[in-house]
Structures are given as structure tokens and as C-alpha cells.
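Residue numbers (our numbering), protein chains in the order written: chain U, -8 to 228; chain P, -8 to 228; chain H, -8 to 228; chain X, -8 to 228; chain F, -8 to 228; chain D, -8 to 228.
Please keep in mind that the hints were generated in silico from the structure rather than gathered at the bench. Honestly, I wouldn't trust all of these hints.
Remember, identical chains collapse to one label, so a pair may be satisfied in a single copy or spanning two.
Pairs of lysine-lysine residues, derived as DSBU-like cross-links and limited to a Cα-Cα distance of at most 30 Å, are as follows [said to hold, decoys possible]:
{"hint": "1", "residue 1": "Lys108", "residue 2": "Lys149"}
{"hint": "2", "residue 1": "Lys108", "residue 2": "Lys180"}
{"hint": "3", "residue 1": "Lys50", "residue 2": "Lys149"}
{"hint": "4", "residue 1": "Lys212", "residue 2": "Lys120"}
Keep in mind it's a predicted model, so treat the numbers as computed, not measured.
Protein chains: 6
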Amino acid sequence: MRIKVINPNTTEAMTAAIGHIAQAHAASGTEVVAVNPARGPISIESFYDEYLAIPEVLKEVQRNESEFDAYVLACWGDPGLDAVREITHKPVVGIAEASMYAANAIAPRWSVVTTLKRSYHMVEHAVQKAGLHDRCASIRCVDMPVLACEQDPSAIIKGLEEGGRLALQQDGAEAIILGCAGMGGMDEKLSFLLGVPCVDPVAAGIRFAEMLVGMGLQTSKWLTYRAPEVKERKGME
Amino acid sequence: MRIKVINPNTTEAMTAAIGHIAQAHAASGTEVVAVNPARGPISIESFYDEYLAIPEVLKEVQRNESEFDAYVLACWGDPGLDAVREITHKPVVGIAEASMYAANAIAPRWSVVTTLKRSYHMVEHAVQKAGLHDRCASIRCVDMPVLACEQDPSAIIKGLEEGGRLALQQDGAEAIILGCAGMGGMDEKLSFLLGVPCVDPVAAGIRFAEMLVGMGLQTSKWLTYRAPEVKERKGME
Amino acid sequence: MRIKVINPNTTEAMTAAIGHIAQAHAASGTEVVAVNPARGPISIESFYDEYLAIPEVLKEVQRNESEFDAYVLACWGDPGLDAVREITHKPVVGIAEASMYAANAIAPRWSVVTTLKRSYHMVEHAVQKAGLHDRCASIRCVDMPVLACEQDPSAIIKGLEEGGRLALQQDGAEAIILGCAGMGGMDEKLSFLLGVPCVDPVAAGIRFAEMLVGMGLQTSKWLTYRAPEVKERKGME
Amino acid sequence: MRIKVINPNTTEAMTAAIGHIAQAHAASGTEVVAVNPARGPISIESFYDEYLAIPEVLKEVQRNESEFDAYVLACWGDPGLDAVREITHKPVVGIAEASMYAANAIAPRWSVVTTLKRSYHMVEHAVQKAGLHDRCASIRCVDMPVLACEQDPSAIIKGLEEGGRLALQQDGAEAIILGCAGMGGMDEKLSFLLGVPCVDPVAAGIRFAEMLVGMGLQTSKWLTYRAPEVKERKGME
Amino acid sequence: MRIKVINPNTTEAMTAAIGHIAQAHAASGTEVVAVNPARGPISIESFYDEYLAIPEVLKEVQRNESEFDAYVLACWGDPGLDAVREITHKPVVGIAEASMYAANAIAPRWSVVTTLKRSYHMVEHAVQKAGLHDRCASIRCVDMPVLACEQDPSAIIKGLEEGGRLALQQDGAEAIILGCAGMGGMDEKLSFLLGVPCVDPVAAGIRFAEMLVGMGLQTSKWLTYRAPEVKERKGME
Amino acid sequence: MRIKVINPNTTEAMTAAIGHIAQAHAASGTEVVAVNPARGPISIESFYDEYLAIPEVLKEVQRNESEFDAYVLACWGDPGLDAVREITHKPVVGIAEASMYAANAIAPRWSVVTTLKRSYHMVEHAVQKAGLHDRCASIRCVDMPVLACEQDPSAIIKGLEEGGRLALQQDGAEAIILGCAGMGGMDEKLSFLLGVPCVDPVAAGIRFAEMLVGMGLQTSKWLTYRAPEVKERKGME
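The shape of chain U in the complex, shown without the other chains (with noise of 0.2 Å):
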């Protein structure tokens, strides 16, 4: 089985850094084989880093796209996800996705913690288009930029346990999200910090889009996720 796991932002060190981490966790049998656009911010903090990504991943997506047998989205929002689900028949798994599902089937209730404050906003939006606010106990932000990530991780996990502590101790979770792809890796560390499973959403990732792989199941055709209609798209193509 061939997975492509693609990061939407260009910071290569992070791109290979995720594909380290969906390797690990992956089953023996899978290839990870893991990407970033060449154009497009250094990473996703905003709506409008957000949607200079999409177009970028999505041309990612139609790349050799028969050679792969599923598509996971690295980022947090799930950016694009309904249109890479158009452009391809091949199973595609948002992080976002991934990791509530995960984090539902262990806990009754879940937090997740991400990186700058402004992200509450679009966190809290992927929450809600998943159905699952209900099981969403807080969202808490570490308050660091996405690339502090690699640059000082140290400091990301001493946030996220803070984060995770507040989030156990007055919101109600029983388990923590690691809301940034970028954060993948920092599930086992932070879990043994707080004596709660944390779901890591790169593995969360890997592992679903495995099983629908394994399921033998595509995505459907039958209306919303057909083809794009053939039509003149100017100055692109």
C-alpha cells in the first residue's frame, strides 16, 4: 500500500519530519511517501495562508496519482478536503478527521491543543463541520507559531502539557489532541506527562486512511464528489 501524506505548507524539514512520524506508525506493507508543494507559505496560521495552500495541494494530489492508494492531508483544517475529494477516487483522510474519530473511541470527552491563538476560530470550525462539538471538551492554544514546532520543541511540548493539564483539570477532557500536524511525535512524551492518551494526528492519519484502504472502499461518485465538470479554467492547466 502507497500513502501520500502531503504537507500543505513548504517547509521541507517539516514535510520530512511528518513523513518520519506516518512511517513509524504505519503498518509494515505501507509506503509513506511524503510531500510539500514547492510554492505557498512556510506554514498555515491563517485563512489566507490556508488558501494559497489548496491550489498547491491539490496539484500534489493529481501528480502520479496512480501510483498512490490514499491521500492524508497533514494540517489541522483539513485544507481542501472536499476538493481533493473530487479530483481523486482514491480514499482521502483529513488529520483533523482522524484524530477526533481516535480520540472518540477512547475517551468521552477531548481537548485539543494547538499552536497560535488565532487558530481557535478555524479549530473550533473543523470541530463543528465533524458534528463532534459535543465530545470537544476546549479547545487551548499554546500560543507559539506553527514552526516553532521544529525549531524548539521543547517548548511546544511544555505548552501543550500546560495546555493539556487546564484542559484535564477545568474543561472536562479525558484525552488530548494534538492539533498541528507539526506536533506529530510529541503523543507519547505529553501522554506520560499527563497520564492521559494523547492522539497524535499524523499516526491518526496514517492509520485511517489504512483502514479504508484495507476496507476496499472509494470515495463516492454519486453526486457531490464527482469529477469536476471539463470547462476552460484561464491560465491554469
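Take the given structure of chain U and dock chains P, H, X, F and D to it, following the hints.
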């Protein structure tokens, strides 16, 4: 007051028509400037189209930003609305939101009639994001492409009449929202045919923008809609 | 365009102030006529007050109905709104609905700051009826009576500032709605003090009424808002 | 135990019938006093009727308040319920709420069958305010005026049977709520015709009031339902 | 009228206390028969306890079924309620549902105070299943085991007072529901201490059962609550 | 990896079939052990059946608990799921949850087709508990008993095809979930007949269990799912 109305697709005839309708419905003293991106799909009929169009829409917002008092996104999916609110202080209006607010004021429940069947889910998402699913009696489709609004308007009106009548008689609607910017200007005829008020989304958009400008409001820069972080965006800008 | 703004309470000084604010925020070409019933409570601070006021409000709507293009109910509970829509074809606007729509356009979440604590539930009901509880970060109260808006405006502003600051810092609000018609005109000062946009409900009401009239919309008479049945109403009319 | 049942309309024959049904369903030891205002509409079929009736209902509550143990509002819209709870410590019951609670106990989903089609939205609002829209399979209407309950009961029963059968066979209902106080006493016959339990709203109201009195409960005066402020109410009282 | 009150746990002293409270709150003419299963956990404090108890509760319902007019399940999780409704035509009442309905009638929002912290999620589920989460201000716990209600009632009352006061002062509650059958009879004292009405769940259960019997209602056998299919149940019956 | 799949009913032929399907869909390296209780109903078709089965299911979980890595409850009602999570640290998966998560990834809306009509409410409750009612287009029933899956599979497939077609054509579904463990293995044929992906719940269960084990997750023991209190459970254990 100068308001820039952005048609996210690249069909100039449609932009001209939208600009005409918007100016006709604007208050005296309001100058409408209707534009469309040079690059991108000739119509927005899938999530794929939408995401390809958004970065070009963002550029249209940034161009001569100081000369305008407000922005109207003239596509019923309100594409990129959150991102536009990050890159300008001026009020930004999506025609979906604006037309639902107008409909709420004149009927307890209303239906949206849009173009292609595949857009059902996109319209549903816009309604749910606005929190107004309890007010939406149904979503119906004329099952014709967006550009038929320009090329075969009488067929579109016939489809609107049929869909609207079913919405009134079977679904519990008491008013109709035209669910596509290309339907701008068809409200009067449809209202005559159906005997209920019909909401023109382009008119709603321009009038709602005027309302916000008239109130002296600007987009909150407290947290979520702050300007995007200064950072490298490879190959862009 | 002539718009009748109805203050449901019987305090004429408040009516004058509301009329002044409404006219100041109206477009040029709009004539505001502010009235209040001769009978009824001097302020609306309970459901009891509200229900006593409504029949008098209905009479104000019926008086010289042909001379007006729209109605604005200038009380944050939108008292009797459904009934007013039955007895006139003209658009009818409640300031609660109008100010929430304006706030939605400039912030992802907002708080309402109102007068008495006992009005908490009334405000909550207005928010829920509008389907916007997910957008409402909190409801806060300055804990002073409605008429303090006229008699001690600086104390009200101080209370608004305190409540607004808590809403921004603790509750996740990014804009503030003034939750009482008597607070009309205080938005500018409060906005200066807090650093976020504040929505003046009287301004929102008059501008939303202009929007609907400008669009040529009338209340749907399809079913729910048909004229009341002709029947005996003992001792009335 | 003495319970005052207030018919908000001014049709004395209907009041007598409601009083008769209420007494017939009351526990031994309960004295029912059925009254109606002297002023107001002869039937409640619009929001306009409802709001005209409420101030007169409030006066009926205040008259000899010390002589009663509880109040029942005998109209399916529960008109003025919040205000009545402000002006007395005694438990106050709306027949809409009471009949939905009874239905919840005997069926997973139920439908409400009411009189005029235009009341659909009013019933829907009562259901939503009670938080029970997931339990409500549908709202159906016999499309006859309220007073037909007195003047042509066999036609009403025929309409209830037709509407009820559709609710059971098409909408997923498993019990029927009679959605008008005037339908009091028709539950037994309808239940025989349809083969499912039917909830008589007058019986539900009187029995729910007995339940609250029997439990020794009074309306909370902690905040929302405190007595209205002492103030001038011009031309009133 | 004979009502069987079933305490699902096997602590006979608690059954006796519940029976005493139920009889004290019942109408004259109602005979209460309080029972508990011979097998099963001595208290219900986990889902595990609950599921072990339910089959024994079902047997208690089936025993001498013809001699009773209604059933009350005296545990705040309403264990097995759906199944009990399948095996008898008589009305079946859960004390959770009954006490929430009573609280709705006397306060806009209320809190539930229960025993162990681990029961938080179980109480939350009961509230959500009833559709009443918007009415529930909070769930608070005294953090003592269920049997402390029998063995150390003064400590329980102290905990209820503390939790109740926080609910009133911080959470927006205006009434308190005692969230455990073992707290039956503590409502009066707590109400005196807190100054708001407190709902005794045992009293609510017995009175709600009387209401349904008094209305002549039986459980709908239309579909969901039909008698279970005749089939082999190995090693059972 | 060893996963215990528990068929809650006592029909061994069905257990064998479920085990076969589960093993066929499992990853290489996963060993499936399918069991059923010795006592209890031969099929789960009512709440009564469900509650009788759960204590026996709990014993199956406790038997040789150290030898397994995860548990799958193979009945679409996810019977006793919360309790199982209390008595083991290992991940526990219900096939209802697992199949809804899989369906979410491949279609915007899906329908569940189950066996008996009376199970409608049980399926609805599972969907609502998962927070996914907005994703569920409809619930349809083939109206045949559970054991027909073993005894007359071609009739079940015919019923699935009819129900599925109506779901696609009338209800807005774009994928189908097989709503009974006994339907395991029918997904491929149904998918061929209908032209949309169909979710096999047994496959979903086993693959979701593998996902959780692969991620190294265990059930949170922070609060709700702690081990049940040590106490006397009369006549048990």
C-alpha cells in the same frame, strides 16, 4: 461610497451583468465597481473550482484596497470569505449570508434554489455555517450549469419557477432565495410568477455592504481576522 | 423613504434620543419618525413589561400605516415582531436580529452586553430564536436599569466597558453588541475604549430596514404572516 | 387543591368545555376553576390574537391570586407563560409543554395535529423552545378554525384521524398530541380510531399542575422570574 | 392506583427509604410498592453496575405485572427505560426525565447535583437524550459514593449545598435537581439553605407516573415499544 | 495483534460468519478470535434483547483479557460499549461508530439500511449519540429479522438493494452503511448493484480496532472509564 463587487469566476459577461444589477439596486451615492480575476475557472460549480478561484479573489481584494469602502463576494458559496476578512479592515460581505438575513426578515422559512444538483452540499454547508438550517425549508436545484444564467435565462427562470413552486407547496418555504449570483435580476419576475417575495442575492450583498459601511463598522482585528503573519510564501507575491 | 421607529416603552425622552440616533445613522433621503405608545410601562425590563407593551406597539403600527415604508422595533427583545409582520406588508425589523447580523459580518464571535441581570434569559432567547447561539460568546449585564441609559449614561458606559472587556478577555468575543435600544449612540466611545467594533442596535435596525426597502422586499403573505382572520375581538377595536 | 385554568380566548362555551374536561381528568380533591378574559379575540389563531390576549390573561392570573394553588394556560402556544411565572409564586403550566412531556413518556416520537395551517410555525416554535424537535415527527393541520372544535366536532375528529394516520404511516410518529385546547376530550375516540395513545392537552395540563403542587414546588424567584420591577405603567393598573 | 417503584440496586435500606419518600409524596389513593432485585450491585456508580442491574430490573417489572398501574425506575440514569417500555403496556417513568420536566416548569435553567464525579458523563448523557442540554446550566458532583446518602446524609447535604451554591452563583442555575434517588427527601432542607426550589427526583417520579395513569395513557405499541419478538434466549427464562 | 470480536447474540453460525469476514478484512498479522456468549437471545432485535445480552458480553470481555489487544462489539447498536471501556484498558470499538467514521470519509451524506423496522429508533439513537445526524440522510429497513442474514441472504441483499436505491434517489444519500453485523460480507455485491461504496460494519470494526492498536492508544482512565468501584454485587461474580 465605493464598493467592489468581486465575481470569483472569469466570465466577463457575467461580471458585467452582476455589476449592472448591483448598481441598479445600490443606493444613490454608491458607486459599484465589478471585477473578476483574469485567471481561473469560467464558473464555480465544484469545490475544485472554488479553491482555484480563491487566491485570485484575494488578489482582487488587495488591488487598490485604499480606494474602496467595502467588498462583496458575488458567489453563493461565499468563497474565501474568512481569508478576505483577514487582509482588509473594510467590511466584507458574502451574498449567501446577506440573502439569508434578508429572507429571515420577511418569512419564517425559505428555500434556496440553485443551479447544479452537485452544489446541494455546498449550499447546505453555507446554510449550516450561518447557523440557519432551522430556517431553511429546502434546497432545490434547476439542474442547469451556472453559465446558463447568461446563455439561457428563460430556461433558468422556468427551472426557478418549478423548483420554487415545489418548495412552497411541499417543503414549507414561504419565500425563495436565488442561490447563484448569475440569477441576479430574476427576482422580480419569479416573485410575480410565484406570488411570494424572492431574494436577489446580488441586491442583498450590495445593500448589506451599504448597511455596514453606513454604520461605520470595520472588521474586528482582535484575534481571528488579524492580518496574516509576515512570512515567506514561496513563489508568491 | 419613511421609516417608523417604535420605542415600545413610554419614556418620551428615550424615544427622542432613539429617533435622533436613528436619523443620524440613516442614509440621506431616509426620514425617521420615532414614536412610542401613550400607554404602557416606562421601560421594558421583564416579560410582564414586554407583554403589556405589545398591544400598544401593534396600534402604533396600524396608525397611518400607508405613510411608511418600513418599521423598526427599538427594543432588544424584538417584542411582538411576529405579530407586526402579520398586520403590515411593509418590512419589519427587530433591532436584536439586525445587530446580530451586523456583528456576524465583522467578527466570528461576539457578546451582547445588556442592562439588568434578569434580562439574561430574554437576551438568550432572542439569540437562540435567531439560531445564532454558536456565534454568541456570552451575554453580560451592567446590572443597571434601562432608564439609567438616559439618566446616567456615563455609568452605563463604564459598565459596558467592564462587561465588554471581560467578554473579550475571558469569553472569546471579538466584537460587542449593545443589548439595549437606550444604549444607542454609545458605540463609538465604547469602541474607542475597547479597541474592537461595537454594534449600535438602533443604527443596525434603521440600516437593515433601509436594506430591505432598497431591495423592494415585502413580508411574505404565503401562510404564517397572512393578515389575522377577521373575527370579533371583544372590547377591542 | 384549587387550580385556575385560563382559556385565553373569550368564547365562553369553549371555556366551559375546557373546564369540564379538566375537572373530569383531575384527581379527586382537585377543584378546577375555568375562566376566560372578558376582553379579547374569540379564538387565538395568529400571533396578533395571541399578543392581544396576553395582557388580559395576566389580569386573570392576578385576580384572587391567593385562592389558587396553580395555573394552567389552556392554549397550545403557551401564550405569555414567562410573564405569568413572574407575577405569581404558584406553579404555572402551559398545555403545550405538559402534553409533550406526557408524549415523551409513552412514545419515542410523536406528532402534533393542530387546527389552522397558519399555526404551523407557532407550534414549531413551541416545540423548539421546549428543546424537543428531535422527538417531534411532524406537525400536521386539519385546516379548520379553532371554533370548529365547538361547532363541528365530528369534522375536527375526522381531520384529526386523517392527519394522525399520515403522521403514523409517513412521518414516523408513534403517538399523537392534540394541538389545541378546543380538542380536549377527543383523545379517547381518536385513540380508538388510530390504535395509538393520543395526548389530551387539557388533561396533561391539569395533571402536570397537580404534579408540581403535589411536589410542593414553586416558581424560582432567583433571577429571571422575580416579580416585575415596581414602576409606572402609564394608563394601566 | 398501585405504582411499583424499582430501586435498581440491591441495598434494601435504600429501597425502604425510597419507598417511604415516594409514599409520602404520592397522592392519597396511591399505593407505592418499592422493590429491589435480589441480585446485583449494591449501588449504581458506573456503566458496568448499570448494565449488570438492568436484567434484574426487567424481572422485577415482569413479576406480578397485572397488579400494577405504572412503574418508576428510581435511579437517575433511567437504566433500561426503553426495554421496560417494551415489556409492559403500563406507563414507565424514569426519575431523571420526570425531575427535568418538573424543573423546566419552575426555572429557565437548572443544575443537576449528583454523587460521584465519574457519573458526570452518565448524567450528561441523560440530559442530552432528553434534548434538554440548553436548559441544564451545569452538572456538579458532591464526590461521595451513592451509599453515603444512607450512611452519612448530613455530609451529602453539605455537599449539595456547596455544589448548589456554585451552580446558582457561577453557572446560571435558578433551581437544583437532586441527581440521585438516594437524595430523595433532602429537597426541603436544601431548598431552605439555598433559597431556590429543589427537585426531589423520587417525588417527581411518583407524581409523573400518577399524571400518566390519571390521563389514561399507556405506552404506544405502534412500533418501537412493541413486545419483544418471541424467540429463544438461551439459558434465560 | 489479537483482536476479540464479540457477537452479542448466541447464534454460533452467525459468530462464525462474522469471524470469517473479520479475518478476511483484517491486515496480515492480525489474528481474529470471534466469540459469542453461551447465554442470551439468539438475535438482538429489541432493547430487551440488548440489555439481556450485555452482562454476558461483559463476561466475554473479562475472559482471558490479557491475551487480546482490542475488542470489537459486532452489533450495530454498540451494546454496552461504555461499560466495556470501564473494564479493560484495551481499545474497544463498536461497529456502528466505526462504520459511520468510514462513511464520513467517502461521502458527504449516507444512509443506514438495517433489518427490522422496530430497530429504526435504536439506529437513530446510535447516530445521534455519535453526533452525526446531519450526515445521516436516512435510516431504512429491509423489514426482515436479523437471522435472515444467515438463513436467506439473497432476500436480505434484495432488500438492501431496494432500500439503498430509495436512499440514493429520494433521501440524498451518497453511500450506504450496512446496519447489522449479520450483513457483513454483502458490501461488495451491494456496491456493484447500486454503484456507490457500501460500508461493511464488520470490516470497519476490525480495521478501526487495528488503527487504535497501531497508534498505541488505550482507553483513558482519567475519570469516566475508570475501573468500576470494588463493591458487593450480590449473586454475581
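Index of numbered hints that the structure contradicts, given in increasing order: 3
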